[in-house]
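In the numbering used here, each number is its position in the sequence shown, counted from 1, plus 32.
Careful, some of the hints might be misleading.
With a Cα cut of at most 20 Å, we get these calculated EDC-like pairs of lysine to aspartate or glutamate [stated by the list, open to error]:
| id | residue 1 | residue 2 |
| --- | --- | --- |
| 1 | Lys70 | Asp138 |
| 2 | Lys147 | Asp164 |
| 3 | Lys170 | Glu88 |
FRET-style restraints, in silico, Cβ to Cβ [to be verified]:
| id | residue 1 | residue 2 | range |
| --- | --- | --- | --- |
| 4 | Val121 | Leu169 | 32 to 38 Å |
| 5 | Arg60 | Gly158 | 30 to 36 Å |
| 6 | Glu88 | Val121 | 17 to 23 Å |
| 7 | Leu169 | Arg60 | 38 to 44 Å |
It should be emphasised that the hints constitute simulated quantities derived from the structure, not laboratory data.
Note that the structure is a prediction, hence the values are computed from the model and not measured.
Even glycine gets a Cβ: it sits at the ideal position worked out from N, Cα and C.
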Amino acid sequence: MTSTPQPARHPTTAPHRGASRHSAPSSRLDPDIAARLKRSADGLVPAIAQQYDTGEVLMLGWMDDEALHRTLTTGRCTYWSRSRQEYWVKGDTSGHFQWVRSVALDCDADTVLVKVDQVGAACHTGARTCFDADVLLKEAEDADSGVPAADQ
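Based on the sequences and whatever the hints tell you, model everything.
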């Protein structure tokens, strides 16, 4: 009996709560951490990179279990490219490294916050942050209360 070849897919851990159809038991991520993660249908979690000393939000990338493992063990941010379907380490081609200072899960365990020491630009456009090009709402102080208009 012959078997039908299976399509190639990126490596993540064995299925866990919220795991994807792309899961395979090949990640080296600590099983206790892997069990807590709630992943998208593609087996990914959003990873927010934030400058550790200023709180500046730098970028959003995507991590699967293996990318998170590499980030935790190398001290450099590793992401999964959804368009190229491959891992990439921030700074390997640009020289704009993200040195990891801390990594935390949010309260729902579906987003990772990576506090980094960013060297150079975080955005692929060459900007310091990916979040300064198209401001949709600018904070305006209310003259009477001192509370930003968006919070009233």
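Hints, one by one, checked against the model:
1. Lys70 to Asp138: holds, 11 Å
2. Lys147 to Asp164: Cα-Cα ~19 Å, so holds.
3. Lys170 to Glu88: With Cα atoms ~16 Å apart, Lys170 and Glu88 stay inside 20 Å; holds.
4. Val121 to Leu169: 32 to 38 Å: Holds: the Cβ-Cβ distance is about 34 Å, inside 32 to 38 Å.
5. Arg60 to Gly158: 30 to 36 Å: holds, 34 Å
6. Glu88 to Val121: 17 to 23 Å: holds, 21 Å
7. Leu169 to Arg60: 38 to 44 Å: Holds, since Leu169 and Arg60 (Cβ atoms, about 42 Å apart) stay within the stated range.
No hint from the list above goes unmet by this structure.
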